[in-house]
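K.L.:
So the chains spell out like this:
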Amino acid sequence: MFDTDHDGLPAMPGVGYKPQHFNDILRDAAPVGWLEIHAENYMGDGGRPLAQLRHLSERFPISVHGVGLSIGGEDPLDPDHLARLKHLVSWLNPASFSEHLAWSTHDSQFLNDLLPLPYTDTTLIRVADHIDQVQEALGRQMLLENPSSYLAFTQSTMSETDFLRELARRTGCGLLLDVNNVFVSATNLGYSPIEYIDAYPLDRVKEIHLGGHDEDEDDHGAPLLIDSHGRAVVDPVWTLLDETLDRTGARPLLIEWDTDVPDWATLRAETVRAQEALTRVLA
Amino acid sequence: MTEQHSFRAPLLDADRAIPEGLTDGLGRPAGARYNVYRNNVAVSLTEALETGFPAIAKLIGPDNFRAVAARYLRAAPPTSPLMMHYGAGFPEFLKTVEPLAHLGYLPDVARLELALRRSFHAADHTPADPALLQDVDDDALMSCRMALAPSAHLLRSPWPIVSIWAFNMRPGSAKPQARPEDALILRAEFDPEPLVTPEGGAAFVTALIRGESFGSAMTAAGDSFDVGVMLNLLFTHRAIAGISFEDTP
Numbered sequence: 001m002f003d004t005d006h007d008g009l010p011a012m013p014g015v016g017y018k019p020q021h022f023n024d025i026l027r028d029a030a031p032v033g034w035l036e037i038h039a040e041n042y043m044g045d046g047g048r049p050l051a052q053l054r055h056l057s058e059r060f061p062i063s064v065h066g067v068g069l070s071i072g073g074e075d076p077l078d079p080d081h082l083a084r085l086k087h088l089v090s091w092l093n094p095a096s097f098s099e100h101l102a103w104s105t106h107d108s109q110f111l112n113d114l115l116p117l118p119y120t121d122t123t124l125i126r127v128a129d130h131i132d133q134v135q136e137a138l139g140r141q142m143l144l145e146n147p148s149s150y151l152a153f154t155q156s157t158m159s160e161t162d163f164l165r166e167l168a169r170r171t172g173c174g175l176l177l178d179v180n181n182v183f184v185s186a187t188n189l190g191y192s193p194i195e196y197i198d199a200y201p202l203d204r205v206k207e208i209h210l211g212g213h214d215e216d217e218d219d220h221g222a223p224l225l226i227d228s229h230g231r232a233v234v235d236p237v238w239t240l241l242d243e244t245l246d247r248t249g250a251r252p253l254l255i256e257w258d259t260d261v262p263d264w265a266t267l268r269a270e271t272v273r274a275q276e277a278l279t280r281v282l283a
Numbered sequence: 284m285t286e287q288h289s290f291r292a293p294l295l296d297a298d299r300a301i302p303e304g305l306t307d308g309l310g311r312p313a314g315a316r317y318n319v320y321r322n323n324v325a326v327s328l329t330e331a332l333e334t335g336f337p338a339i340a341k342l343i344g345p346d347n348f349r350a351v352a353a354r355y356l357r358a359a360p361p362t363s364p365l366m367m368h369y370g371a372g373f374p375e376f377l378k379t380v381e382p383l384a385h386l387g388y389l390p391d392v393a394r395l396e397l398a399l400r401r402s403f404h405a406a407d408h409t410p411a412d413p414a415l416l417q418d419v420d421d422d423a424l425m426s427c428r429m430a431l432a433p434s435a436h437l438l439r440s441p442w443p444i445v446s447i448w449a450f451n452m453r454p455g456s457a458k459p460q461a462r463p464e465d466a467l468i469l470r471a472e473f474d475p476e477p478l479v480t481p482e483g484g485a486a487f488v489t490a491l492i493r494g495e496s497f498g499s500a501m502t503a504a505g506d507s508f509d510v511g512v513m514l515n516l517l518f519t520h521r522a523i524a525g526i527s528f529e530d531t532p
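Here the protein sequences line up with chains U and H, keeping their order.
Final position of the first sequence in our numbering is 283; the numbers increase by one with none missing.
Final position of the second sequence in our numbering is 532; the numbers increase by one with none missing.
Hints in this document: simulated from the structure, not taken from any laboratory.
Bear in mind that the values here come from a model prediction, so they are computed numbers and not experimental data.
No residue lacks a Cβ here, since even glycine has one placed at the ideal position from N, Cα and C.
Mixed in with the good hints, there may be bad ones.
Only pairs whose alpha carbons sit at most 20 Å apart, straight line, appear in this in silico SDA-like list of lysine to any residue [as the list claims (entries may be wrong)]:
| # | chain 1 | residue 1 | chain 2 | residue 2 |
| --- | --- | --- | --- | --- |
| 1 | U | Lys18 | H | Glu333 |
| 2 | U | Lys18 | H | Ser327 |
| 3 | U | Lys18 | H | Arg400 |
| 4 | U | Lys18 | U | Asp235 |
| 5 | U | Lys18 | H | Phe403 |
| 6 | U | Lys18 | H | Thr334 |
Chain H stretches covered by chain U per the calculated footprint, using a threshold of three residues with CB under 8 Å from any CB of chain U [to be verified]:
| # | region |
| --- | --- |
| 7 | 323 to 334 |
| 8 | 362 to 376 |
Okay, chain H solo, but in the shape it has when bound (with noise of 0.2 Å):
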């Protein structure tokens, strides 16, 4: 066992004991000094998970979270020094958490949380101008193919998300009704913002995203898709990145 490996063992786990070798300076046994860097690590982590996960924090409060985030960190600490990246288990790991398995709801709101995190650090864009759309006949529009930004997700779930999130997190907000709701997490400059997507949407905007033609994916979306809805959604939100009117796939 690596001398790093005998100091790191027990930063994580209170049952190990304390390791060999270490002193208060003045050749006294450090003793409860090791407990700094435990508390170190543990608070710092927690608050990275506070940080990245605030309307998870808000539903199940503050001391339960903290207790929730305690076992996470045990489970998987970071792997990666980029904290901005840390929790991207953490909604798998809520479905285990037995205390919280009534609020079904909790792992896909995690999932937004952790989406409208990967939104905002996203790669920037320069957005397709809606003109390019004018004057185009209906054959090369619906043989087109649109881009979405790097900082675009969708996130489809049983669960009203996008209201359960903004009753949280905005006041003010209505409250939540009990819907399924397929969360469209768009950011025109630098703060995204998820919105439920119009009926039909998610189908059409998977379509784009896998590289579809506009035509099929207005197919995949439905007869009662509102194609002008979503259009004027997306260019609003400059998540459009490029139209490509080639006709190779």
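Chain U on its own, in the form it takes in the complex (with noise of 0.2 Å):
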């Protein structure tokens, strides 16, 4: 089995690094307990980006998070970009590593976004093969996140939680549970999001993400949430952390704000609550 420790994340608030608050972070006295960065916006030559990264590394402990794998893509993963991969995860040595249950790039056509699969026999042998491919080249453990669902395939033979389930048993792998999605799924394709946390294999969880969405409607007028990244996360997917923490413990909880960025006050505000989750299920 590879190495599942590397130190790991602490068990605190952590956010998604965004360079423009690079030194707002250097300059809090208290800032947050780990960072999150893309890992393919780090694989450049040189430059800035890298430059900050190391030294950010040097005071945070880091959770790179891989966007553009295509782990859940029927063809065979990008030998270039899992080399690249290993390359950033070498020099650096992160604290953790994560991708996606979704796929992004097929026939050479990178389509930068986080595509759905249908969950059958054959795609959790497909899946289950990048996973081992992944973890045999980093040679460390990866955590795969559950995705944001806007539809539902007919094909699908067995539930996301089971299909999470069964990677994980067979690959090793951990799993990153992103509660915001599971909420965002949940409403969208009408089920409990806390019976799909009940059903979850909670023991496999090493982070949690949380996130903001914003709201629209299907063609029948039923609620559909969009899983942006772009605002404050809301009080039921605060509610469902606490939830979920009840069932787990206390576990690394990152912030993700990607799009209409705030400022660094705004997003440390959002960790001061994640801490207040993780203080109450301490207590």
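Build the complex from these two chains, which are given one at a time in their own frames, with help from the hints.
P.N.:
Here it is, written out as structure tokens:
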């Protein structure tokens, strides 16, 4: 089995790192417990992004979060991209590496979005094989994140939670539970978010994501939530977080805010609320 | 046709029917829910182009830019997950956009923005010490070879691309004059700076990049070339990565 510790991420709030916050983070007397970076933004040859990352990694545990590996893709994993990822993970030696249960590349076209897949025996074998390759290449355990869903596949023969449980069992990967994604998917597909959490393999959860979403409607006027990461986390998602932490205990919590990125103080206020949720469960 | 091919094809083609076998989770057809993905793809790629080509967006206006981007991202979707490289074909594509044909300088300004982005992400280097050139006799100087930093780029243009770029991106910059400008992009630390290359400088830099000797680069630069000005520019921007005095090609 792979090294599953790597010191890991602390059970504290972290944020998705944005370069515009660099100075604020370094000036903050009590900044966050850790930072997440998107792997693909740090695959250039040099310059400020890598210099900032080197600097931050001396002060903060770093979580490398990939958005372009296309683990759920029908195509083989892109060997060049896997090599770039291996290079990044080798020199940075981050506290954690995670990716998505989704695909983004097909026929050499990269679509820059996390696209859905049906949950079947065929896709299970394929995704498990890709996770094996990633963990083999990186020499460490990876975490896999549950997606935000806007639709379902008639072909699916198993639930998402069963699919994730079986992937974790076969590959030894850990799971990154995004509770905003659970809330978004449950609302969009008409199931109970807490029943999803109860069916989730919670013993595999090593990190929890939180983010904001937008509200829209489908053709029938039913609510359709969009996982935009462009605003504050809403109250029902904080409640779902509390209910999740009651079941898992304290976990590393990440605030994701990727579009309409606010000033540091606003983002920092979200982490204060996340810390309150952790404090409550630790009490 | 594979499942993911069927799912992908309509993402960038609004005329194609939504894939079959998709529901709303309650058994009804997914319908417009699929458009969430169409929208995500188009918006994220448009934003990547806006981030990469802010001067072009300023020059033609945000609405026109989004319309051009919508055509480009369908004609040339990314082939790599590294969005920092997306848009390499955008300058050439701009030449094919008929309503923009009267703005002849646009493709070259886009090339400048692309070069700035490449410079921003280029490998770091240790700058050469100008003292290496002190106490060097003329023969040794003329036969030495200078390696430019990986972040240094030269872009020749019949248009005043540096001035057009600065006028749109740096408030208070002088109005562009109708003249050709060769852009020299140098990154002293982290921020690439587009500079107007002094007369003869483009030929000089081109020769250095080719690995020609200092003397040969001087000859290429012509009689009106001021080598002192040029070297000062390169050294103050830490753009010389190495000087080799070995007499090997």
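K.L.:
Now tell me, hint by hint, if it's right for this structure.
P.N.:
Against the structure, the hints come out as follows:
1. U:Lys18 - H:Glu333: 18 Å, holds
2. U:Lys18 - H:Ser327: Distance of about 17 Å is within 20 Å: holds.
3. U:Lys18 - H:Arg400: 18 Å, holds
4. U:Lys18 - U:Asp235: 24 Å, violated
5. U:Lys18 - H:Phe403: Roughly 17 Å separates the two Cα atoms, so the pair holds.
6. U:Lys18 - H:Thr334: Roughly 15 Å between the alpha carbons, so the hint for U:Lys18 and H:Thr334 holds.
7. 323 to 334: Coverage by chain U holds for the region 323 to 334 of chain H (5 residues, Cβ < 8 Å).
8. 362 to 376: With 6 residues closer than 8 Å to chain U, the region 362 to 376 of chain H meets the three-residue bar; holds.
Going through the hint list in order, the structure does not satisfy hint 4, though it satisfies all others.
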